[in-house]
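Student: Bring the two chains, given one by one in their own frames, into a single complex with the hints.
Protein chains in written order, with this note's numbering: chain A, 1 to 290; chain B, 1 to 343.
Check each hint, because a few of them may be wrong.
[Claimed, not checked] Computed far set for chain A versus chain B, every beta-carbon distance over 10 Å:
no.	residue
1	D51
2	N80
3	P87
4	A104
5	I140
6	A161
7	D196
8	N234
9	A239
10	E251
11	D257
12	T271
13	S274
14	D278
15	T286
[To be verified] In silico contact screen, one side only, chain B against chain A (beta carbon under 7 Å); selected entries:
no.	residue
16	T43
17	S212
18	G216
19	G219
20	V220
21	G221
22	A222
23	E226
24	R342
These are calculated hints, taken from the structure and not from any lab test. These numbers were taken from a predicted model, which means no experiment stands behind them. Using N, Cα and C, we set each Cβ at its ideal position, and we do this for glycine too.
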Amino acid sequence: MADLTTAIAVKESTLTTEHALSPDSGPVSDDMVFQTRDLSVYYGDFRAVRDVELAIPERQITALIGPSGCGKSTVLRSFNRMNDLIPTARVDGTLLYRGVDLYADRVDPVEVRRRIGMVFQKPNPFPKSIFDNVAYGPRIAGIRKKGELNDIVEASLHKAALWDEVKDRLSASATGMSGGQQQRLCIARAIASSPDVLLMDEPCSALDPIATARIEDLMAELKNDYTIMIVTHNMQQAARVSDRTAFFTAEVDIHTDQRTGLLVEYDLTTTIFSNPADERTENYITGRFG
Amino acid sequence: MALGTIGDQDVASRVEATIQRRGRDVRGTGFRFALFAALGISTLILVILLVDVLTDGWPVLTDRLGDFWSGTLRSRSSDDSLGISQGIVGSFWIAVFVAVLAFPIGIAAAVYLEEYAPRNWFTSVLDIVVRNLAGVPSVVYGLLGLFLFVKGTAVTNWFVDRVNNRWNAWYGEDLIELGQSTLFAGGVTLAVLVLPIVIITAAEAIRAVPQSLREGAYGVGATKWEVIKSQVLPFAAPGILTGTLLALARAVGEAAPLILVGAITGRLAPRDSMFSGLEDFFGQFADRFTAMPIVIVGWVQNSGRDEGFGPAAGAAIVVLLVFVIIMNSIAVLLRNYFEKKRG
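Next up, chain B with everything else stripped away, as it sits in the complex (with noise of 0.2 Å):
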């Protein structure tokens, strides 16, 4: 067949009416500038905390960092050793305590749910429950917290009594005390909180795992705990990953549920022989605590009577979003190197 040629006027010029631009594109503009200022509103705001907080706390942050990370929590901000130690301390070990309970319980349970667990309604409405669970108000942990694991119950005080048992036997005293606020009632109620947003970061990870890669392992004769093992959990890592630590610095962000619990918000008498025993170790846990978020609040409460608690509660936010950023960084620096892994 031959070629045609080309250049024939009349048809050049019909073809060109049809297809010249008509116009500028007027809503497609104003609807990219519309989700330019949505994206621009959310950042200002941040910015504009960042920076009212940032002003606030920044004789404290700039005079007396070292005094102040060391410091205690004290009745008048005009003491020099006003600071954050005990709510570093306290949000460390419900970290820890989220970490320990929460992942791999949190883990376990959505590797049952998309592995295990047959496809009926039971599953779909226990799957419903962990959604609904992830979205119930901190608040409400707060009182479960309250009920289980500082005003006691009989599972509860049955628990206590072993744990008491055990310990007199040893150093022929009570480690816990029913009714008493602790630093073990205030991490378990955070692991609770957390778990079901584990569950639900975690199941989705494994959701997304390719059917072809388990019919591989399953193809050359790898049983479901292998397959699960050496090719689901690897391939999930990274998201299963940054589920926890992002579920990990909500926890620590978290106070309404910790004011319930009765985290303290006055003097707390420090402890400073953390490390000196066992019994102290140990002791810690069933003692009084605080944490960075309940520190920030009580300052705030108070800087109507005290002027001075203003900047602490300031350079303390500052604190613990700086601590809560780098948790997120590594989240994703992790979830980055495991993903050039994963290739």
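One chain only, chain A, in its complex shape (with noise of 0.2 Å):
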């Protein structure tokens, strides 16, 4: 990771984030993991979502809200390249992370995926032993010696607030466990590959209340190491958890008769749900759409 952030750090200087970001609202640290310019993202001729202008801070949580459709997932799995795995999908724009375009010819993406790990909407944990499930990550990248795997284990569980309820257990099949407890053994997954960044799609669309409240406060804790970024449809979710917030919305576009999402507004999460710009904002967070 080191090598990389020095590599980068040149280029990263250059960069303007105050166009994305009004330029008041970076409380906490400047240093940016992404930065989108004119980001479309198409499937097919369908562009699904344009115009997304995005500054991602390091070490905070940011969220993407809007109405179903309005692209946001769509946007999240761009951040992670997870859309190469739609033949049709194409990215047009600029993606940077850490200074670097992630749509370089010479990204691959199976890297990028290792450093930008997705813990995804409803939990998906492999069929193996809770052991092998968070083993999975460091063994594919070259990790063999158990006692290392065990540490790598053990932390990550620790880290995904899971170690309690399953150290005596880690042989047992993951598909055995509880939704919210699956859904903590794929966040802890995703950790052990010890990833820069969390993309976090819908984490708790599938899970009850109490279970949703866990894996927020996890977030919480969670953002002193990594940067963070969660897709939700629940907007008392993104109010308590995030930092920033960015609203997405639908749009006809005239010339072409096809909905496309399109980034409205982007801005302190204070700032979002007390104070919005935009009217289609203030709309959609006051219920008056969506």
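Tutor: Structure representation (structure tokens):
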């Protein structure tokens, strides 16, 4: 990680973060992990989302909110090139990760996903043991020593607030756990690859309120170590956990008659929820549409 | 809001009129009986077949099962050494050919079709072709085998020349004689026959792997090959296994293609030194051969001339059925085991 960061440091200074964030909105850190300019994502000829201008600060939680079909998940999945799995998907514009264009020819999407981990909407543990689930990432990264794997698995499960519940049954199948435990296991699995960023795609939408609260507490802890981006349907959740919020909506393009998602407003979460600049944002957060 | 009272007689009688049972459900019951009858007919036919075969073969199975097992093809049914050993050996090697050739090639083709091939008109056509191949009558595969592996084409001649040159250098004689029906030809023909079945069942098992599982693995930086190896194939294993074992059972029961490639229904000189050395071991693949279904066909054909072949055929059918049932049972057990393991 360090070599990449220093290599990029020079480039980063040339970036202008101001046009995406209001000048006085950076309270904690101005280190930006991601920077997008004019980002659009297409599925074939269909432009799913356009005009995404985001600067994602380090070790903060950025929430992407908006009504269904506004492209927020699509945007999130373009941040670790998960969209590459869809044959027709393609990205236009610039997406810089620590100053490096993520979609440059020389970039290997596999390496990208090792550094930018992902947690999905529906908990998707592998049908293997709890241990093997967490050890999966380190193993494919080439770590074979049992002792080292044990340490990584234990540390990851601790960080995911799951260790105490599962330490006596690490060899039990992960599919027998509750939904909330499974999702925390998926977080542990993502952490085990020691990523730089965690992308969470509606991680609580399949969970009950108690499990949701645990994941939210966990996110507050995790942001000490990781930069987190979360897509959520739940505005209260965005308000509770995130430092910054990006509001997306979908509008019909009069030229093509297609519904395309777009970024409306991006600011500190407190600003978005108390004093939004855009009328569409205000309508959404006050429940007048969406 | 206060709870209303319940028990008003007028309301109760009106509601009762709307929800009470109206006569018997004649159509529903009839439908159920029709379904049961369909199941009954299929089962009955199978039972009749089993009883018929068992009664035919009973004398042989009870009196001289040991001799029958180790005996060989004979021209007279009264011969004490009449038996199925050559058929068993032939069918065994055919099963090995299928397992060694059709399984890896079929599974690999399925992985390519499902995981790598782009979705376009060409792969759609390929998909339809494979599906149709699975429905091609087995006699047609017999013809293919006859031309490719018995009569010989440019490609097979080239291949045979290579093998014979090598064999000549080692043992001073040809291994394969073209124009001759060989165990190799029979085995490869049946492997080709079941290949489309293996591809289709494996492809279906792979298609049933949840996308979320693949995403989970990609999400922590797995390469495509790692995702296939560590997630897709293990999850699809029960389905693939069932399909392949059923294909194997099919191959072992096929007679028509083997008749065309020239499996022997009459006498066959026994090779008694199959495992004595490399030359004999490979030599048998270039020999004339027979197989269980062919043995049965031969005996049934001869039962008009010599009544004693009838019971022998019945007994051979029972043995073949037992083998097929064992293979299918193993398929079911393995599938259950892997599904349980998969959780």
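Student: Mind checking the CB of E226 (chain B) against every CB in chain A and telling me if the closest is under 7 Å?
Tutor: Holds. Min distance 5 Å.
Student: Using Cβ atoms only, decide whether T43 (chain B) comes closer than 7 Å to chain A, and label the hint accordingly.
Tutor: violated (36 Å)
Student: According to the definition I'm using, a residue is off the interface if its beta carbon is farther than 10 Å from all beta carbons of the partner; does A104 (chain A) meet that for chain B?
Tutor: Since the minimum Cβ distance to chain B is about 18 Å, A104 (chain A) lies beyond 10 Å and the statement holds.
Student: Far enough from chain B: is every CB of that chain over 10 Å from the CB of S274 (chain A)?
Tutor: holds (35 Å)
Student: Is the interface hint satisfied for R342 (chain B)? The criterion is a beta-carbon contact with chain A at less than 7 Å.
Tutor: With a minimum Cβ separation of about 5 Å from chain A (threshold 7 Å), the hint on R342 (chain B) holds.
Student: Is the shortest C-beta separation between S212 (chain B) and chain A less than 7 Å?
Tutor: holds (4 Å)
Student: Holds or violated: is the Cβ of N234 (chain A) farther than 10 Å from all Cβ atoms of chain B?
Tutor: holds (21 Å)
Student: At a threshold of 7 Å, is the proposed contact between A222 (chain B) and chain A supported by beta-carbon distances?
Tutor: holds (5 Å)
Student: Are G219 (chain B) and chain A close enough, Cβ to Cβ, to be under 7 Å, as the hint says?
Tutor: holds (4 Å)
Student: Is the claim that D196 (chain A) lies outside the interface with chain B correct, judged by CB distances over 10 Å?
Tutor: Correct as stated: the minimum Cβ-Cβ distance to chain B is 12 Å, above 10 Å.
Student: Quick one: work out the minimum CB distance from I140 (chain A) to chain B and report holds if it exceeds 10 Å, violated otherwise.
Tutor: violated (5 Å)
Student: Would the hint on G221 (chain B) stand, with a C-beta cut-off of 7 Å toward chain A?
Tutor: At 3 Å from the nearest chain A Cβ, G221 (chain B) passes the 7 Å test, so the hint holds.
Of the numbered hints given earlier, the model fails hints 2, 3, 5 and 16; all others are met.
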